[in-house]
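Chain A is fixed; fit chain B onto it per the hints.
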Amino acid sequence: MILTLAGLTVGYDSNPVLTGIDLDVAPGEIVTLVGANGAGKSTMVRTIAGLMRPAAGDVVYEGRSITRATPAERLRLGVALVPEGRQVFAGLTVRENLALGTHAVHGSIDAAERRRRLDEVLDLFPVLAQRLDSPAGNFSGGQQQMLAIGRGLMSGPRLLMLDEPSLGLSPLLVSEIFRLICRLRDRGLSILLAEQNARSALAVADRGYVLENGRVALAGSADDLLASSEIAERYLGAGAVAAGSSTAERAMTERLRQLL
Amino acid sequence: MTNFIQLLIGGVLTGCIYALIALGFSLIFRVTGVVNLAQGAFCILAALACASFEMQFGWSILAASLGAVAVAVAVGAVVGATSFVPGLTRLSNANMLMLTAGLLTVFEGAMQLIWGSQPYALEPFSGQEPLAFAGITVPTQGLWMLGITGVLVLALWVLLTRTRLGQALRACSENPTAARLMGVSVPRMTLFSFCLSALIAAIAGVVIAPATSLQFDSGRLFTVSGFIAAVIGGIASLPGAIVGGLVLGVVNTLATAYLSSLYSNAIALGLLLMVLVWRPSGLMAGGPARRQDVRDEARVWKRVHRLSPAAGRFAAVAALIGAVALPHVMPSEAILGSLVIVGILFVALIGLDLLMGWCGQVALGHAGFMAIGGYTAAGLAIDHQVSPLLGIFAGMGLSLVCALVLSVVTLRLRGLYLALATLSFGLLVTSFAVGLTELTGGPSGMVGIPSLEIAGWAFDTTESMYHLVLVLDVVLVVVSQGVMRSSFGRAIQAIRTDQMAAAALGVNVLRTKLVVFAVSAMLASLSGSLYAFNFHFLSPDMVDATRSLELVAMLVIGGEGTLIGPLLGGLLLTLLPTVFAPLASAKTLVSGLLLVGCFLWLPHGLYGLVVDGLNGIFRRFGETARPGAVSEEAAR
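If you read the sequences in order, they're chains A and B.
Here the first sequence stands for residues 2 to 261, where the numbers follow our numbering.
Here the second sequence stands for residues 173 to 808, where the numbers follow our numbering.
The set of hints was computed from the structure by calculation and includes no laboratory data.
Heads up, some of the hints might be wrong.
[As the list claims (entries may be wrong)] A short list of chain A residues far from chain B (calculated; beta carbon distances all over 10 Å):
#, residue
1, 66
2, 101
3, 102
4, 127
5, 213
[Claimed, not checked] Simulated restraints, written as ranges between beta carbons of each label pair:
#, chain 1, residue 1, chain 2, residue 2, range
6, B, 411, A, 168, 32 to 42 Å
7, B, 242, A, 171, 21 to 31 Å
8, B, 673, A, 127, 40 to 50 Å
9, A, 139, B, 285, 49 to 59 Å
10, B, 774, A, 39, 32 to 42 Å
11, A, 96, B, 285, 44 to 54 Å
12, A, 69, B, 336, 38 to 48 Å
13, B, 791, A, 139, 40 to 50 Å
Beta carbons: idealized from backbone N, C-alpha and C, even for Gly.
This is chain A alone, in the form it adopts within the complex (with noise of 0.2 Å):
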C-alpha cells in the first residue's frame, strides 16, 4: 500500500469531523472519497497533506508514518495534493505558480529536472503554454484548475490528492479533467479522489469510499458502489434508480426527510 490510514481522528476539540478512519491506497490505483457535503472529505485529504494535524490515528505512507511530519516533508516523500477551489497564487504568472510547486523540493532536483517537468506539464497543459507570462487570476475557472493540477505534479508526486477538481466546471471541461485523471493514473500516479459528483468520480476510480458524518459508511470496489441500490438513492439522485417511480419517490422523500 502507498498510503494507509490507521484509525484517524480529526477535529477541533471535542467535535471530531472525522472519526476512525481506516483506509488505504494501492500503488497505482485511483481511490474516490464519496459524501454529501460537511462528510469530512476535505479534511481527510488536507490531513493527509499536513495542512491538519489529527487528533489520534496515524498516516503511514510507503510504511513509514509522516502523522508529524511538516506539509514541506510530504512534498519531498512524493505527497502532494490539489486543493479545493484551486488556489492558485492569483497575482502571480503561470510560470512562477508552476516554479512554486518545485518549492519544498527545490534542494533534491536541479534546473534541468526542474525544466523537464515544466516541459511535462505544459505537455499535458498546452492552454498554459501560450500564457506563461500571464497572471493566474485573469484565467477562467477550467484553467485554473489545470493550472492547480500542473503545480500540484511540479512536486512528483507519487500519490496526487485532488479536492473537487470538477467544482464549478462546465460538464464538458468535467469529462476533461477526469480524463485526465485516468491518463495520470496510468502513468503510476496513485490517486486519492476526494469529489461530491458521485457517478463521474465512481466511473473513473477503481475503489471507493463512502464517507458520511465522519465515519466510512461503506467501502468497495467503484463498480460494486455504482450499482449499490443505496449509494444510488442518496449520491447518485433518485433518477438513477430503474425499479420504477415508486422507489423514485421513496428515495425522495428520504431525501426531504433528511433535509428537514
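Only chain B this time, still in chain A's reference frame:
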C-alpha cells in the same frame, strides 16, 4: 526659482525617508494583511542605538550604524516571534492593528527608560559642508539618503522578483493556504517580512538621524508619515510606497515653506483623507488586497462572559455601595482625583465600547471628539462666559456634526480604511488644536478654564466632581444596558456578528452604524468637556492620538462588549501609576505591555477574569446557579 528647486530637493530627501518607512508598511501588509503601526519605532530604536554606540562606546560611524541596525533587527525578530506572528493566528485584523499600536507604545516606553526624553542628534556621515551647485545647496547627508534609498529599493526588487525566497514571500501574500500546500512555512515567512521591514526602517533611522534630532517618541511621527505615504501610494503596492513617500515629502515641504509649518500636518492628513475617500486603494493599486475588512471577518470565536443574574445583582450593589462610601474611607486626595479621571474617561469608554465592542467597528481617533468637546465648552466658557452646561451641549452638537460629516465622507469606507480614516481624523483634530492658537492656546494649552457649574451647583472640589461623575456613569451604564436589550441593541450586535446576515434580516446597517457612531462621538465629547472643567486646563497632548490609543487599550484590557469591563481597564491604567509611584516613569511601557499581553493571553480582558471568579464563587455556594445562564456562546 532657485528657492523653489531648493525646496523641491528638500522635499524629495524627506520623501525618501517616508518612502522607506512606507515600504516596510507595504511589505508587511502584502504578506499578512496587517498594518504594523510599530514601524516607526524601529527607525528611532536604530537611531538612538547608533547615538549610544558613537557617543558612549566611541565606535566609528560605520560600526555604530551597522551595530544599531543589527540591534533593531534582533529586537524585531524577538518582538515578531513572541507577539506579532502568534497574534496573527488568534486575533482579528482590527485587534492586530491595535496590537501593533500596543507594540509602538511598548517601544516608546522602553526607549524612554533607556535613553530618557532628551533629543539626540548625530554627526553627518561626510561632514557638515554641503555641496553647492549653481546656487543650490545639498547637504551631503541628503546624498546618503538618496543613495541608500536607491540601493535598498533595488535590493528589495531583486529579492522579491528574482529569488526563490522572494517568490515564497509573494506566494504567502497571495494565498497563504496554497503557500503552505507548496511547503512554504507561512509563520517563518511572516517573521521574515517583519524583520525585513524592521531592517528597512532601521536603515532609514540611521540615515536620517544626522539630518534631524530624534527622541524616544519621534517614532510615531515616522509611523504616521510613513503610513500616510503608504496609503497615498496604495498600501498593497511597493512602487506605490515610493511614489507616496515622495509625494508626501514634497507636499509637506512646500506647504511648510509657503503656508505655515503648523498646517503642514493638516495638509498631509487632508491629502490622506482625500485619497482614502476617492481612491481607497491608493495612487498605484497593488495586488489583490486580502483581509482588508478589519472587522467584517469573524475569524475568531470568542466566548462572551456574562455574570449570572445573582452574581450580577450582588456585584452591582456591592460596587455601588463601595463607590459611594469610598470618599469617606479613602482620605487620599490623589487617589480620589485619579478616580474622577477614570470616571470621566469611562464616559468616553462607554461610547467606544458601544461602537467597537458591541457594534464591531474600529475607532482609533476618538480623542478627537474629546478635543472638540473640551475646547468648545472651555472656549465658550472663557471667552463668552457661556454656562458650562450649555458649553457641553454645544460641544456635543459640534461633535455630532463632525461625526456625521466624517461618516458621510467615509461612507464608502469599510474595515481597515475606516480605521485609518478615524486615526487620521484624530490626528487632524490635534493639528488644528495645535495650529489654531487664537482659539485653543496652541501647543501650550488653554488655561483658566472655570469649574463646572450646573444650575447654581458648583463642582469645584474633587469630592463633588467624584459624585457628579459617579451619578453620570451609573445613569449611562443603566441606559446602555437597557438599549442593548432593546431591538436596536440586538440590531447592533447582529451587525457585529455578521453584517450580511443582519442586512438580510432587515437591519438598516448603514443607519444603525451611523447612529452608534454619532452617540459614541457625543459621549466622547461630553467626556472631553468634563475633562477640561476638571483640570481647569486643556492642551493638545491631553487629547491626542496617544489618548485615543489609551482609550482603546483600556477598552481591550478591561474587556470589549461588556460595558463594565472598560471601567476596570481604566482603573488599572490610571490607578497603577498613582498607587505605585515608581511605575510612573514606566507608565507608557506598562500600559503597552498590558495591552499586548491582554491581546495575546487574556482575550476576554479583566472583566472575563472577574466574571469567571464571581461566577465560580456563586456556583460553589450553590445558591442560584442556573445551568446555562452563566455564559453564552457568541460569535465574534
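So, going through the hints one by one against the coordinates:
Annotated as non-interface, residue 66/A keeps its C-beta farther than 10 Å from every C-beta of chain B; the closest such distance is 19 Å. A cut-off of 10 Å between C-beta atoms contradicts the statement that residue 101/A is not in contact with chain B; the least separation is 5 Å. Some Cβ of chain B comes within 10 Å of the Cβ of residue 102/A; the nearest lies about 6 Å off, and the non-interface call is violated. Chain B leaves residue 127/A outside its interface by the beta-carbon criterion, the shortest separation being 24 Å against a cut-off of 10 Å.
At roughly 26 Å from the closest C-beta of chain B, the C-beta of residue 213/A stays outside 10 Å, upholding its exclusion from the interface. With their beta carbons about 36 Å apart, residue 411/B and residue 168/A fall inside the hinted range of 32 to 42 Å. Restraint check, residue 242/B to residue 171/A: a C-beta distance of roughly 57 Å breaks the suggested window 21 to 31 Å. With their beta carbons about 45 Å apart, residue 673/B and residue 127/A fall inside the hinted range of 40 to 50 Å.
The supplied range of 49 to 59 Å is met by residue 139/A and residue 285/B, whose beta-carbon atoms lie about 53 Å from each other. A hinted range of 32 to 42 Å holds for the C-beta pair residue 774/B and residue 39/A, which are about 34 Å apart. In this structure the supplied range 44 to 54 Å holds for residue 96/A paired with residue 285/B, their Cβ-Cβ distance being about 51 Å. The beta-carbon spacing between residue 69/A and residue 336/B, approximately 26 Å, falls outside the hinted interval of 38 to 48 Å.
For residue 791/B paired with residue 139/A, a C-beta distance near 60 Å fails the hint of 40 to 50 Å.
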